[in-house]
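Participant: Sequence:
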Amino acid sequence: MSKSVKKIVLAYSGGLDTSVILKWLQDHYDAEVVTFTADLGQGEELEPARRKAEKAGVKEIYIDDLREEFVRDYCYPMVRANAVYEGQYLLGTSIARPLIAKRLVEIAHETGADAVAHGATGKGNDQVRFELGVAALDPDLKVIAPWREWDLNSRTRLIAYAEANGIEVAKDKRGEAPFSVDANLWHTSSEGKILEDPAEEASDIVYQRTNDPESAPDKAEYVTIGFERGDAVSINGEALSPASLLTKLNEMGRIHGIGRLDLVENRFVGMKSRGIYETPGGTILMMAHRGIEQITLDRGAMHLKDELMPRYAKLLYEGFWFSPEREMLQAAIDHSQRHVTGEVRLKLYKGSVTVVGRSSPATLYSLAHVTFEEDMVYDQKDAEGFIRLNALRLKLMARRKRVLGEND
Numbered sequence: 001m002s003k004s005v006k007k008i009v010l011a012y013s014g015g016l017d018t019s020v021i022l023k024w025l026q027d028h029y030d031a032e033v034v035t036f037t038a039d040l041g042q043g044e045e046l047e048p049a050r051r052k053a054e055k056a057g058v059k060e061i062y063i064d065d066l067r068e069e070f071v072r073d074y075c076y077p078m079v080r081a082n083a084v085y086e087g088q089y090l091l092g093t094s095i096a097r098p099l100i101a102k103r104l105v106e107i108a109h110e111t112g113a114d115a116v117a118h119g120a121t122g123k124g125n126d127q128v129r130f131e132l133g134v135a136a137l138d139p140d141l142k143v144i145a146p147w148r149e150w151d152l153n154s155r156t157r158l159i160a161y162a163e164a165n166g167i168e169v170a171k172d173k174r175g176e177a178p179f180s181v182d183a184n185l186w187h188t189s190s191e192g193k194i195l196e197d198p199a200e201e202a203s204d205i206v207y208q209r210t211n212d213p214e215s216a217p218d219k220a221e222y223v224t225i226g227f228e229r230g231d232a233v234s235i236n237g238e239a240l241s242p243a244s245l246l247t248k249l250n251e252m253g254r255i256h257g258i259g260r261l262d263l264v265e266n267r268f269v270g271m272k273s274r275g276i277y278e279t280p281g282g283t284i285l286m287m288a289h290r291g292i293e294q295i296t297l298d299r300g301a302m303h304l305k306d307e308l309m310p311r312y313a314k315l316l317y318e319g320f321w322f323s324p325e326r327e328m329l330q331a332a333i334d335h336s337q338r339h340v341t342g343e344v345r346l347k348l349y350k351g352s353v354t355v356v357g358r359s360s361p362a363t364l365y366s367l368a369h370v371t372f373e374e375d376m377v378y379d380q381k382d383a384e385g386f387i388r389l390n391a392l393r394l395k396l397m398a399r400r401k402r403v404l405g406e407n408d
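Note that the UniProt record's numbering has the sequence shown beginning at 1, numbered continuously upward.
These are calculated hints, taken from the structure and not from any lab test.
Fair warning: there could be bad hints in the mix.
As the list claims (entries may be wrong) - Calculated pairs, SDA-like style, for lysine to any residue (alpha carbon to alpha carbon, straight line, at most 25 angstroms):
(1) Lys6 - Asp64
(2) Lys123 - Lys248
(3) Lys193 - Lys219
(4) Lys59 - Gly15
(5) Lys7 - Trp147
(6) Lys23 - Lys142
(7) Lys193 - Ala145
(8) Lys248 - Val84
(9) Lys314 - Val128
(10) Lys123 - Ile276
(11) Lys7 - Val128
(12) Lys55 - Ser13
(13) Lys55 - Ala162
(14) Lys23 - Lys55
(15) Lys219 - Glu238
(16) Lys305 - Ala362
(17) Lys305 - Arg157
(18) Lys102 - Ser323
Using the sequences and the hints given, assemble the complete structure.
Facilitator: See below:
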């Protein structure tokens with residue numbers, strides 16, 4: 001492949017790994033490298049990445065602010081689905097990869113590149129997510145995964161290669177990192193090294209985006225989130241863009257220690273891994289969305305959505321964002337959100353978020369029907385026939401057991 005590749009677009013952070021990958025691609029493939037750095041709200045200064053790329057001789061450097069697109073076109077559709085993987089994980093790493101893959105392909109087309117490259121290892125899910133995304137968007141683009149090709153399989157070898165090639169190595173990178181971190185506006189993910197024993201509680205140094213719930217304010221904070229067609233549009237009456245809204249919820253969640261998760265999950269590649277996740281704003285937003293659906297979704301639609309959700313979440317986790325089945329599910333989910341409009345009031349307190357109020361112009365909640373007081377719209381005698389019909393099959397099975405002498 002190396003002889004046929006002339007130009008490569010590299011997903012580049014400017015850190016040690018991708019800086020080494022940049023030089024390795026230039027040498028091993030004798031190809032021109034274009035760097036692409038995405039601002040997904042990870043909270044890092046990105047200009048150093050530009051300077052490092054320039055120092056490495058890169059002529060075409062892309063640093064793109066994708067925060068609004070990330071929240072609007074990726075996080076929000078996921079929220080409409082109430083997507084949660086294995087009952088707890090809010091898919092923060094998974095949901096960022098399709099956008100990065102999409103932009104890699106776009107830049108390849110813009111620059112005439114014939115390959116893209118990423119820094120994901122051969123043990124994780126991200127290699128699958130990146131490469132499935134590229135395959136779906138341009139099956140003719142080659143994908144280069146250095147971690148599956150080179151022999152730089154230790155931190156010592158990476159640093160030695162960097163030093164031999166004049167690549168700057170930060171002081172805090174010279175020893176073994178205590179854990180690895182992935183971050184974006186939706187969440188942070190920490191795993192590896194000191195977190196690899198699932199029996200050991202994670203150290204306080206792991207948590208970067210949230211206060212310790214035990215040290216959070218003793219006074220609860222209330223917040224009202226407005227929705228239109230399933231998407232959050234305002235906080236306490238103030239209209240906000242998707243990224244601005246999530247940023248504000250992240251700060252509220254940080255103060256109150258909301259959104260921490262210690263999870264052992266099943267990776268797509270077959271192994272179990274332990275991760276520490278922080279999703280402060282996302283946790284609040286998901287709870288609020290559930291709250292507005294409670295009064296605006298019909299029972300049948302809500303229950304069907306809940307049946308579809310694990311399948312949707314699995315598709316996201318495994319990298320099938322651009323698959324036809326995910327798009328089919330999204331169409332059904334989005335159709336269900338036509339009347340998911342209104343406001344939800346939530347209470348934030350010491351690591352917890354609780355829905356305490358919800359209202360909607362499209363509500364299906366009828367006080368006239370549900371009241372314990374005397375009403376003129378519901379005849380309680382109607383329930384007798386309803387129960388009799390639903391009990392019929394149970395009675396028939398019970399009688400068969402009696403005839404056959406079955407005890408269980």
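Participant: Next, verify each hint and record whether it holds.
Facilitator: Each hint tested on the structure:
1. Lys6 - Asp64: Measuring from Cα to Cα gives roughly 24 angstroms; hence the hint holds.
2. Lys123 - Lys248: At roughly 35 angstroms apart (the allowed maximum being 25 angstroms), Lys248 and Lys123 break the hint.
3. Lys193 - Lys219: violated (36 angstroms)
4. Lys59 - Gly15: holds (19 angstroms)
5. Lys7 - Trp147: holds (19 angstroms)
6. Lys23 - Lys142: Measuring from Cα to Cα gives roughly 19 angstroms; hence the hint holds.
7. Lys193 - Ala145: holds (23 angstroms)
8. Lys248 - Val84: Satisfied, since the Cα-Cα distance of roughly 22 angstroms is no more than 25 angstroms.
9. Lys314 - Val128: holds (13 angstroms)
10. Lys123 - Ile276: Holds, because 18 angstroms separates the two Cα atoms, which is no more than 25 angstroms.
11. Lys7 - Val128: holds (22 angstroms)
12. Lys55 - Ser13: holds (14 angstroms)
13. Lys55 - Ala162: The hint holds at about 13 angstroms.
14. Lys23 - Lys55: Holds, at roughly 11 angstroms.
15. Lys219 - Glu238: holds (23 angstroms)
16. Lys305 - Ala362: holds (19 angstroms)
17. Lys305 - Arg157: With Cα atoms ~49 angstroms apart, Lys305 and Arg157 exceed 25 angstroms; violated.
18. Lys102 - Ser323: This hinted pair holds, its Cα atoms lying about 13 angstroms apart.
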